[in-house]
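Residue numbers (this note's numbering), protein chains in the order written: chain A, 1 to 490; chain B, 491 to 1258.
A few of these clues could be false.
[Claimed, not checked] Okay, the calculated bits of chain B under chain A, using three or more residues with CB under 8 angstroms as the criterion:
(1) 516-522
(2) 1147-1155
(3) 1178-1187
(4) 1191-1204
Calculated directly from the structure, the hints in this document are not laboratory data.
Backbone N, C-alpha and C fix where the C-beta goes; we use that ideal spot for every residue, glycine too.
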Amino acid sequence: MIQAETQIRFLLNGAEIALSDVRPDETLLDWLRLSRALRGTKEGCAEGDCGACTVLVGRPTPDGLVYEGVNACIRFLGSLHGCHVVTVEHLKGEGGALHPVQQAMVDFHGSQCGFCTPGFVMSLYAMWMQDPDPSEAAVEKALQGNLCRCTGYEPIVKAARAISSYGTLEEDFLAAERTAVAERLAAIRAGGRVEVGTGKDRFVLPASVDDLAAVLEAEPMATIVAGSTDVGLWVTKFMRDIAPVVFIGHLGDLKTISERDGVLTIGAGVSYTDAFETLSRRIPAMGPLIDRIGGAQVRNMGTIGGNIANGSPIGDMPPPLIALGASVTLRKGGARRTIALEDFFVAYGKQDRQPGEFVEAVHVPVPSAETQFAAWKVTKRRDEDITAVLGAFTLSIEDGVVRAARIAYGGMAATPKRAKGVEAALVGQPWTLETVEAAMDVYPSDFQPISDMRASAEYRMLAARNLLKRFFLVHGGAEMPVTVSRERAA
Amino acid sequence: MTDPTKRKHGDASDGALHLGSPLARVDGDRKVRGEAAYALDAAPAGLAHGVLVRGTIGAGTVLSVDAASARQSPGVLMVFTPFDTPVLGAPDSFLDGTPGEGPFHVFPASILHWGQAVAAVIAETRQQAETAAALLRIDYAPGDVVPSILSKDAGPGVPVGAVDIDRGDAEAALAGSVFRVEATYETPREYHVPIEPHGAVAWWEGDRLTVREPSQWIDAMARTYAGWFGIPFENVRLISHFVGGGFGSKVTAMTHGAVAALAARELGRPVKVAVTRAQNFTAHGGRAATRQTLRLGADADGRLKAIVQDGESETSVFVPFVEQLNAATSVMYDVPNLRSRQRLVHVNTVTPAHMRAPGKHPSAFGLESAIDELAHLAGIDPVELRLRNEAGFNPQTGQPWSSRRLREALVEGARRFGWKDRPAAPRSMRDADGAFLGWGVAAGLFPALDHFGEAGLRVDADGSIEVLSAGIDMGTGTYTILAQAAADALGVLPGDVTVRLGDSELPSGPLAGNSLLAGVMTGLVHKAAAAMRETIIGLALTEQGSPFRGSELNTLDITRGRIHPTLDEGRAVPIADLLKAIGRDRIERIEDNFPAGTSAQERHRIMTTVAGLRPPDGGVSSVASWCAHFVEVKVDEDFGTVRVRRVVSGFDCGRLYNPHLAASQFRGGIVMGIGQALLEGGRVDPRDGRIVNDNLGDYLIPTNADIPDIEVFSVGEPDFRAAPMGGKPVGEIGIVGVAPAICNAVFHATGQRIRRLPLDIAALLSTN
């Protein structure tokens, strides 16, 4: 039996914090505003949509201390053990002057009503630390998770691009503290299991993956929390009781990505942000897709494992991973089993996961050079919108004939689902527009989508079919435009 | 350059020093530091937390509330239900002259719309209050629900009457027109969605109530609180230093404020009630859904002969709120014959409210879309068609315009946009990837209103200079432009001036609505600062101890905060030093623009009800701002997706008090217009009237990536009929005409007319 620590310890701005009394569902935002009177961080929506509550969280990684913007409104306080929380109040420039990010925002009129401003400042600061000379595209990406209703954004983008003219990263106040902070965090993290609270109302940070397995065996109905981009809303929006909570986001063993025999193995705790480099390099079509999941704050917190484990029919990772032929390893105690990802999704809201069992890793075959892969997400709003239809395609074409096809969709059924009828209509057929158009007629046998707020059933069906056509036009080898638009008969 | 000795201080006609210059927002520093304190940042000692509980039926009655377990829940201090909440007093209506609604039942048992507040729980912490709220067992007797204007049983509505227009013989003129178009246009419920949600923190000291609440109209809200709690107006202190966006949603006192103040009184400690994001979709109304059928007739040259308009707008079953559909229709163009009718369709919704450019936006969506349809039918360029129909005077009232530079906005906008290269036929422009491109244009207007108010100016011997007003700044820039206005008139630098706003203890300010506050307050501050200047110079000439005592009249000036002989800046003395020299700690001036002899009672009525709204220029001329938007869209017909790629917009808003801040208002308005065209619309559950997308993940507002390059420019000239300092309305006009410009561009791209907002991507899907 591991002796657990009983305090959540982390750094807040310049102070070291040790908390014995932490409610399992207490959010960082509530704690900052109510317990610490740090009210520069604002609550605009309490569900990770608006970014007004953005703060930085610094965490040790194998590559050193990394600071990322996160939504404090859906980040659980207990999850910050061993991290450095930086709020807008901590920002400073030389001699009490404004920080370069703040000064740029003032000079370029980046604030209007000002309520979203601290969140923008923190998102820009996170961006600037990674990329002191950002392109407009980089700024756009950095600001995906921050909503402004007043300025029209342009002044903020201009400010973002000018930050480096107000100061350098080397002179930044956090840079000076970096080594000391890293050492303090390492010391905090050196301990074993952390457990606060009593009875059911506990928040547990296991010491290791093996410890996680042990904790879950003892507490099979506990809520497993990785990024809390979903579970956070269970609390703030649906008022659900999630205790006891077992957090896994700090476990280095679950944060690894490795490649062996052409298969990427991604630990269940790997965030979208951490997966981005490998996935976009090895499977280039995944890059633009990941870029359109939530905003930077959500990608920094949310994990690929979590996106699978919660089984949403409109999760953005399962369709491409199913199309790629991914499998998932589940673990209970010492026992592991690996199943095809598509078999994990049993029905709406129901996955093939037993009490006490957890997703440990997902295994993603890298498409071979002869294999074509694409994944496209269709939404009404380009950024930070929930999928209407997401289609993913892996096709092998040899000598002009389709040898193999795996096609999967999100938003078309109660679970992420393969288009097996469409696949069958393609395999063995010549890779021509005629074949594609014939396969497009098969969709109704694979899918009977529903109408909801995001799209009608008809729209979903048409868009799903058109995605296959787009795939053909992009990957058909012919000199054709990327989009399918054609002149209509007059 | 103007000879400095001849400069009339603060008067825009001579090129003032500061007003009109692009000074950086003076409150920007506090905002980027997170130091700007919004209402819910207030945390007085002993604060308790309240949550509102929403009803879950669309209509009917609350039969009972079982609060036993909620009251036993840890930390709970108080539970309010329809059956045990004290009835509050009866404020008179802020719609002056109409009777009030009687005693205020905070939680009536009668349910008129989904989400109506039915209870509140006050506890030591917000979490405890939420936990207890979930334990309430509420029993309803559901009634029949009419969910929305789109419902089959909504009926035809009732005529409004008051906004009807009959000009000439429109039907006959239409029948005789060469070109006729007819179409129906629809706009959905839209929501203000300020990033700062509503809420209030209230506490009592004896019979004095203090409320921290985001407010666009301090004095009117304070009056309501006074009426509710039966205390004198002076006993209510409403504080709203910073407002995190309002857009019309924060004008009146509401249930959450009543609960905070009531609970604070009952408990004898401060109480905060925060309205959740979801509750912000039902605790107050957004813009009413509308539908209008327009018939336009024109002669062979495209000159409008007739407009016939039949419209409906949605309202609640209990208040006849009118979203006026002919606000633009009646005055945009020179139309000799016009007939306009509007009906109100009463449904089970919270009463709609004014939202940025009320009436003007849906009116312009219909009119400016129909004008484009007419231009296409007549084979006339849509810019040219608009120029041919320019109205030389207000066609509805016959008044001359104080200024109307719409022609300049259209012509210059077309030039900057490159409009001359536009092929007339739809579906004739493509991007490199094959997707269709389209160019569209639309115009807009915003009629001005004037208001009354006061402005205070205070100069201290410690060197501080303060502008004082209960008027507010919701990001519009009031803090900044009032510092600029005061600096010019007094002869100091804007950085020397501290502006204090948003507190009912300060001199009475007008509402921040109808885009009128900037015009009214710059004029009043100018007046107060000029009076202060005369006062200071007068003291310098006459007071014992002044180094300038005995100088001749008209020989002193104030420059950069120093008083000096007009032609000898070398003998300058700082104002503070003068005050010390003559033994004065402080000088205060309050100026107003009330008619002479206005009684205190009448002032109160003017400042706390709509009685203070009046036409500018004494009603002699007709005053409005004007704009023209040019838009490029890209349409992907495979998925129906539309991206706005480029916007060029010209504005005639008279003189801009601060071009940077004004441009920011314009851009922000255009962005909201892009949202209206492409994204925004409340979705109503057809069973019970619930707003389904009551959150920021589902009620989509534009993100940064939805926003293209937006070029805004001003063609305005100072218009002193519009306002003392020469400006016209700025804050709302930006959105007017954006949605039709986008939809016209979509037509140009695809040949598909978009007549219902927000644009349905399925409608643009290519099926071949």
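Inset, instruction - Between the segment 516-522 of chain B and chain A, see if three or more residues pass the 8 angstroms beta-carbon test, and mark the coverage as holds or violated. - result: holds (count 6)
Legend entry - Three-residue Cβ test at 8 angstroms for the coverage of the segment 1178-1187 of chain B by chain A: holds (count 5)
Inset, instruction - Test coverage of the segment 1147-1155 of chain B by chain A using CB-CB distances below 8 angstroms; three residues minimum. - result: Per the Cβ count (3), the hint holds.
Legend entry - Given coverage of the segment 1191-1204 of chain B by chain A, tested with a Cβ cutoff of 8 angstroms and a minimum of 3 residues: holds (count 9)
Checked against the numbered hints above, the structure breaks none of them.
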